[in-house]
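Q: Sequence:
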Amino acid sequence: MSEVPERVAIAIVTFNRSTYLQELLTSAAAMTTPAWKIVVVDNASTDDTQEVLAAAQADFPEGVLVNHRLDTNTGGSGGFSEGTKVALELGADWVWLMDDDVEIIPDALDRFAPWMKRFQVIHGRRYDFDGSPFYWQAKFNQFLGVPLPYSVKTFDQDGYAVTNSGTFEGMLIHADIVRMIGLPDPRFFISWDDAAYAWLAAQHTQVVYVDTFVLKRKREQQQVNLGIRHLNDGSPLFRFHVIRNRAYVGKYFAEYGKLNRFGFGLGTALTLAKEVFRLIVVQHTLKGLGDLRRGFKANREIWRDDSWKPMDPADVPKAIGGGAGPRAADGTVS
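Just so we're aligned, residue 1 is where the sequence shown starts under full-length UniProt numbering, counting upward by one.
One thing to keep in mind: the hints can contain errors.
[Said to hold, decoys possible] Cross-link-like lysine-lysine pairs, in silico, DSS-like; alpha carbons within 30 Å at most:
| hint | residue 1 | residue 2 |
| --- | --- | --- |
| 1 | K309 | K251 |
| 2 | K297 | K251 |
| 3 | K297 | K309 |
| 4 | K218 | K287 |
| 5 | K318 | K258 |
| 6 | K216 | K117 |
| 7 | K274 | K297 |
| 8 | K216 | K297 |
| 9 | K318 | K251 |
| 10 | K216 | K258 |
| 11 | K258 | K309 |
| 12 | K218 | K274 |
| 13 | K251 | K218 |
| 14 | K287 | K274 |
| 15 | K117 | K318 |
| 16 | K309 | K274 |
| 17 | K297 | K287 |
| 18 | K258 | K274 |
These aren't lab readings, by the way, just hints derived from the structure by calculation. Predicted model, so just to flag it, every value in this text is computed and none were measured.
Sequences are here, hints too, so could you generate the full structure?
A: Printed below as a string of structure tokens:
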């Protein structure tokens, strides 16, 4: 069994889903190699989330489960930004980001351990709610600025695939990388935040998917199987932000000199078409077109905002007690 790094913090973002949160915390308490800290960011829930967290304290050693409640709902983006910040303030070397509607495979950290010696941004695989493998691997097409799915057959003989995209439902990231690129950007609120954050990380180090299962999704969603991927239903908030936040993605691309305005515009048009397709095929309605229209208007406003700046790495909590310094893409310490 590979040795797991000592200071691995799990950062969970939750909002009014106490039943899922309770099940997730139960699975965290059953891990064969426990997490060093578990930071739960409560996004101003109005259900019994605080009672669930209070009861769960008994399942963990004192100080392991950190209850961090926010005064307002900052969306998944704000929650993951805050959770990462708190974890690093406490002294975490790694942060494992996840939503509240998953379950942790008991030996997940043991499965991650050998990969943590080689890479600094890692995604394991997930089972779907029915126990089948959940398909979610994606990679940014640089011209279009859109993460396109690729087959799990892309895993090489060593059991991993390099990408430049990712998801906060399972991203494991080293603190050194956070200090290079800044905290996750809370301005996204929801949608594109995780893909863009992994893209930022990929400008500095290798971002990988590894062929080992570490999580199981618990929440069933309305979806259509398109063969190469599943298309889930979407909420009005999602529809608005998936179009609005394209502008944030484009701003980050521009910061790194990677923006092709024509290609990115085409990618935005394709994203809009996909959302209309989602409404028709998955949700059997066109009532969400207004959400997309509002999102596009807000998208234009962000593009025109000349005061916009990326997240500042200087705002990331410093390492406690120094450290060996960031590693290069091949894992060597610089």
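Q: Given the proposed pairing of K297 with K251, does the C-alpha separation stay at or below 30 Å?
A: holds, 16 Å
Q: Keeping to a limit of 30 Å between CA atoms, is the pair of K309 and K274 held or broken?
A: holds, 29 Å
Q: Starting from K309, check that the Cα of K251 is at most 30 Å away, please.
A: holds, 9 Å
Q: Does K117 pair with K318 here, judged by a C-alpha cut-off of 30 Å?
A: holds, 22 Å
Q: Just to be careful, I want the Cα atoms of K258 and K274 compared with a cutoff of 30 Å; is the pair within it?
A: Distance of about 24 Å is within 30 Å: holds.
Q: Verify the proposed pairing of K297 with K287, using a straight-line Cα cut of 30 Å.
A: holds, 18 Å
Q: Is the Cα-Cα distance between K216 and K117 30 Å or less?
A: Within the cut-off at roughly 24 Å; holds.
Q: Compare the distance between the alpha carbons of K258 and K309 with 30 Å, and conclude whether the hinted pair is satisfied.
A: The given pair, whose Cα atoms are some 16 Å apart, holds under the 30 Å limit.
Q: Regarding the pair K287 and K274, is the alpha-carbon distance no greater than 30 Å?
A: Holds. K287 to K274 sits at ~15 Å (cutoff 30 Å).
Q: Just to be careful, I want the Cα atoms of K274 and K297 compared with a cutoff of 30 Å; is the pair within it?
A: holds, 18 Å
Q: So if I understand the rule, the pair passes when the alpha-carbon distance is 30 Å or less; does K318 with K258 pass?
A: holds, 29 Å
Q: Is K318 close enough to K251, meaning Cα to Cα at most 30 Å?
A: Roughly 26 Å between the alpha carbons, so the hint for K318 and K251 holds.
The structure fails hints 8, 10, 13 (numbered hints given earlier, in ascending order).
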